[in-house]
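Protein sequences, first through last, are from chains Z and B.
So the mapping is simple: the working numbering equals the position in the first sequence, first residue as 1, plus 144.
So the mapping is simple: the working numbering equals the position in the second sequence, first residue as 1, plus 144.
Calculated from the structure, these hints are not laboratory results.
Values in this document were obtained by computation on a predicted structure and should not be read as measured data.
Where a beta carbon is used, it is the ideal one built from N, C-alpha and C, also for glycine.
Heads up, a few of these hints could be off.
Said to hold, decoys possible - DMTMM-like, lysine to aspartate or glutamate: derived pairs with alpha carbons at most 25 Å apart:
#1 K259/Z - E225/B
#2 K259/B - D500/Z
#3 K193/Z - D170/Z
Stated by the list, open to error - Below, a sample of chain Z positions facing chain B; criterion: calculated Cβ distance under 7 Å:
#4 K173
#5 A176
#6 Q178
#7 L267
#8 R370
#9 P372
#10 L403
#11 S483
#12 K487
#13 S506
#14 F508
#15 A514
#16 H518
#17 G547
Said to hold, decoys possible - Stretches of chain Z that chain B covers, calculated by requiring three or more beta carbons in the stretch to come under 8 Å of a beta carbon on chain B:
#18 231-239
#19 556-564
2 protein chains.
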Amino acid sequence: MLKENSETVQAVMADIGERAKAAAIDLRKTSAEQKDRALNEMADAIWNKRADLLAANAIDVKCGRETGLSTAFLDRLTLDEGRIRAMTDGLREIAKMDDPVGTVIAEWERPNGLKIERVRTPLGVIGVIFESRPNVTADAGALCLKSGNAVILRGGSDSFHSSRAIHGCLSEGLSAAGLSEDSIQIVPTTDRAAVGEMLKGLNGAIDVIVPRGGKGLVGRVQSDARVPVFSHLEGICHVYVDKSANVGMATQIVCNAKLRRTGICGSAETLLIDRAGASTLLNPIVEALKNAGCEVRGDAEIQESVSGVIPVEEEDWYTEYLDAIISVKLVDGVSAAASHIAKYGSGHTESIVAEDEAVVESFFAEVDSAILLHNASTQFADGGEFGMGAEIGIATGKMHARGPVGIEQLTSFKYRVRGTGQIRP
Amino acid sequence: MLKENSETVQAVMADIGERAKAAAIDLRKTSAEQKDRALNEMADAIWNKRADLLAANAIDVKCGRETGLSTAFLDRLTLDEGRIRAMTDGLREIAKMDDPVGTVIAEWERPNGLKIERVRTPLGVIGVIFESRPNVTADAGALCLKSGNAVILRGGSDSFHSSRAIHGCLSEGLSAAGLSEDSIQIVPTTDRAAVGEMLKGLNGAIDVIVPRGGKGLVGRVQSDARVPVFSHLEGICHVYVDKSANVGMATQIVCNAKLRRTGICGSAETLLIDRAGASTLLNPIVEALKNAGCEVRGDAEIQESVSGVIPVEEEDWYTEYLDAIISVKLVDGVSAAASHIAKYGSGHTESIVAEDEAVVESFFAEVDSAILLHNASTQFADGGEFGMGAEIGIATGKMHARGPVGIEQLTSFKYRVRGTGQIRP
Chain Z
145 MLKENSETVQ
155 AVMADIGERA
165 KAAAIDLRKT
175 SAEQKDRALN
185 EMADAIWNKR
195 ADLLAANAID
205 VKCGRETGLS
215 TAFLDRLTLD
225 EGRIRAMTDG
235 LREIAKMDDP
245 VGTVIAEWER
255 PNGLKIERVR
265 TPLGVIGVIF
275 ESRPNVTADA
285 GALCLKSGNA
295 VILRGGSDSF
305 HSSRAIHGCL
315 SEGLSAAGLS
325 EDSIQIVPTT
335 DRAAVGEMLK
345 GLNGAIDVIV
355 PRGGKGLVGR
365 VQSDARVPVF
375 SHLEGICHVY
385 VDKSANVGMA
395 TQIVCNAKLR
405 RTGICGSAET
415 LLIDRAGAST
425 LLNPIVEALK
435 NAGCEVRGDA
445 EIQESVSGVI
455 PVEEEDWYTE
465 YLDAIISVKL
475 VDGVSAAASH
485 IAKYGSGHTE
495 SIVAEDEAVV
505 ESFFAEVDSA
515 ILLHNASTQF
525 ADGGEFGMGA
535 EIGIATGKMH
545 ARGPVGIEQL
555 TSFKYRVRGT
565 GQIRP
Chain B
145 MLKENSETVQ
155 AVMADIGERA
165 KAAAIDLRKT
175 SAEQKDRALN
185 EMADAIWNKR
195 ADLLAANAID
205 VKCGRETGLS
215 TAFLDRLTLD
225 EGRIRAMTDG
235 LREIAKMDDP
245 VGTVIAEWER
255 PNGLKIERVR
265 TPLGVIGVIF
275 ESRPNVTADA
285 GALCLKSGNA
295 VILRGGSDSF
305 HSSRAIHGCL
315 SEGLSAAGLS
325 EDSIQIVPTT
335 DRAAVGEMLK
345 GLNGAIDVIV
355 PRGGKGLVGR
365 VQSDARVPVF
375 SHLEGICHVY
385 VDKSANVGMA
395 TQIVCNAKLR
405 RTGICGSAET
415 LLIDRAGAST
425 LLNPIVEALK
435 NAGCEVRGDA
445 EIQESVSGVI
455 PVEEEDWYTE
465 YLDAIISVKL
475 VDGVSAAASH
485 IAKYGSGHTE
495 SIVAEDEAVV
505 ESFFAEVDSA
515 ILLHNASTQF
525 ADGGEFGMGA
535 EIGIATGKMH
545 ARGPVGIEQL
555 TSFKYRVRGT
565 GQIRP
């Protein structure tokens with residue numbers, strides 16, 4: 145580990161930035177075959193060195209236990225053979241995907257004969273700042289390489305040894321395929337000043353930052369970064385059940401949206417029920433939630449209709465519980481639901497359960513979140529579920545990337561214009 | 145005009161931001177017909193009030209003369225009936241274009257039956273900061289409205305009366321079509337603090353800033369803005385003439401690229417000639433430039449081959465002359481040209497003149513600028529010439545919008561997912 149001295153950190157980070165920029169120029173010209181070969185070599189290296197990875201991970205887990213990390217945190221941190229296998233499967237899947245670079249997104253011809261093509265290019269250098277999950281090292285490294293970008297990874301101090309061990313295997317794979325090891329670099333220090341340097345962009349080297357972690361990390365990145373950021377601060381996802389909904393379907397979708405996994409950003413936090421349908425919808429849905437072990441919070445109106453409901457506070461509507469808790473409210477139809485979502489939501493993912501198509505179209509038009517679903521669970525908010533193969537994260541900004549950020553979203557584009565001697569009159 | 149007091153300015157700007165945000169929510173649901181009606185009503189209002197516009201403009205021009213503005217600046221500032229007609233023609237053209245909002249950009253179905261659509265949505269609120277040209281008021285206002293965005297316009301103090309008069313006509317058009325006048329607002333003060341407030345984003349109200357003006361303005365916006373910016377700092381455009389080029393075509397393209405209009409961002413500043421073809425290419429091209437009144441700068445090698453060449457300094461390669469001056473250099477083939485462009489260019493627009501297709505493909509692959517042309521003049525770097533109808537500017541950033549920024553680039557997107565009760569396993 146480096147001597148933790150801010151001048152040293154600055155110099156080390158500037159050097160990492162320069163090397164990433166040079167690697168990015170080479171990657172722009174690298175063939176799909178070579179990138180895919182590197183990805184498969186990385187998977188081989190990880191599998192062959194799984195004993196070393198488990199040993200490195202054991203050091204992190206032991207430190208984590210000693211410093212009193214939570215069980216959930218330790219679970220995210222811990223590797224086992226199954227998780228290592230999942231990592232290598234992920235790398236091989238990404239290798240099989242189509243290369244986005246060079247794809248012609250649009251083409252047209254002008255009356256003067258100029259042929260214009262809009263073609264995908266890599267973004268350049270991606271900075272990924274993550275916390276506990278060591279597998280992000282492999283996932284993010286692979287997605288960036290596949291999309292032709294160089295990447296600078298900065299993992300959390302708790303997963304320092306695990307991430308470094310995985311990174312070693314990625315370097316091996318790059319080398320074996322004849323690619324520069326600077327294509328995927330990992331910050332060799334846990335000094336927080338390194339993050340500050342990345343947020344300033346390393347003298348223009350970093351094109352975009354992707355933070356992967358809790359609200360604290362993402363909030364800091366969003367407020368301090370001087371380069372574009374692909375991120376979501378939180379996922380306060382809503383399910384709106386319209387009076388035209390099928391009660392059985394609504395119950396299934398709400399329970400799945402809330403409870404399938406409560407700790408992910410696509411889990412529902414608030415249930416909005418159409419007042420005009422409350423007499424048939426409210427009881428069965430809330431009872432099903434309670435029976436599945438979910439705490440239900442609601443105002444006086446909800447408490448009068450169903451037993452065992454805990455009083456809701458204004459604060460609840462703004463809260464991403466990440467737990468088996470849901471807040472419930474009656475609203476006057478789809479427009480009132482849209483207003484509630486606009487006020488309290490985080491622009492991530494919302495679902496409507498309804499049979500009335502006109503109501504669905506209103507929902508789709510009035511709600512401005514990255515992902516809107518009809519008659520489906522909010523837990524589908526995921527790049528894999530969208531068929532993008534894998535995602536580096538989910539973005540709620542409106543610029544460039546929105547929703548799941550897969551390899552396509554990690555590209556930019558340029559124009560190729562072919563003429564036959566045209567000059568402008 | 146407002147009392148120019150920073151607290152007042154802050155309050156006024158915050159109010160403008162809030163009203164723009166509210167207008168943007170309404171615009172999301174506004175039909176194409178209503179927006180187009182407003183655009184045509186604006187054109188009518190401008191034409192009917194052309195006498196008032198000319199009177200307001202005369203005040204600005206008189207002030208400008210008195211304060212000693214340059215002839216070029218006064219020319220950009222001055223309106224006449226022809227320019228007013230061009231403005232109204234522009235508005236009617238934009239009205240005729242297809243509405244980008246609601247367009248399905250991509251759609252696919254998942255094995256579980258979920259139907260996913262990526263659909264264009266407005267970005268929200270655009271801030272446009274411009275200098276002397278009063279017609280930007282109408283152009284930018286119209287492009288933002290067409291793409292469903294609210295806009296906050298901040299014109300230069302020199303065109304204050306002209307811009308306000310044009311803005312009055314835009315408000316009339318919005319009203320006549322039943323749209324909120326807050327859809328297109330103009331900052332009612334020339335206090336520079338207003339620009340500072342816009343760059344901070346007006347409490348999250350502004351989604352993107354578009355600066356229109358010289359390098360000083362754009363540089364300030366790029367360095368100080370805390371929101372995304374669509375812009376280019378300068379257009380240091382290159383023409384590379386390969387040994388395989390047709391001499392006649394190369395001469396025509398170079399002269400057009402440099403001299404058709406020297407003051408626009410797409411005019412060429414540097415000519416790179418393949419050393420292997422210099423004996424046949426250099427003389428005719430440089431002589432043609434000189435005969436057309438262009439000053440030619442080159443190093444000793446160039447000066448030995450052609451007469452009347454002025455010595456070039458290192459600084460020249462970084463310079464956007466915006467004048468009838470060109471710097472010329474011999475390079476060893478397309479890769480050396482690409483390296484020169486990477487070092488000195490601004491990522492805007494570059495052209496290659498060549499008959500050898502393999503060389504052209506290398507150029508397209510190795511050069512990472514927004515617009516690359518083959519056998520065509522760099523002066524085609526323009527949204528209108530690209531068939532986008534009109535542009536609000538040209539962007540050299542890699543995020544979201546790159547190259548000409550037309551109405552499509554002023555949109556974001558969201559996902560609409562249609563299910564039949566799917567829950568995630």
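Results for each hint:
no.	hint	in the structure
1	K259/Z - E225/B	35 Å, violated
2	K259/B - D500/Z	17 Å, holds
3	K193/Z - D170/Z	28 Å, violated
4	K173	6 Å, holds
5	A176	13 Å, violated
6	Q178	14 Å, violated
7	L267	5 Å, holds
8	R370	9 Å, violated
9	P372	5 Å, holds
10	L403	10 Å, violated
11	S483	10 Å, violated
12	K487	12 Å, violated
13	S506	9 Å, violated
14	F508	5 Å, holds
15	A514	6 Å, holds
16	H518	5 Å, holds
17	G547	5 Å, holds
18	231-239	violated (count 0)
19	556-564	holds (count 9)
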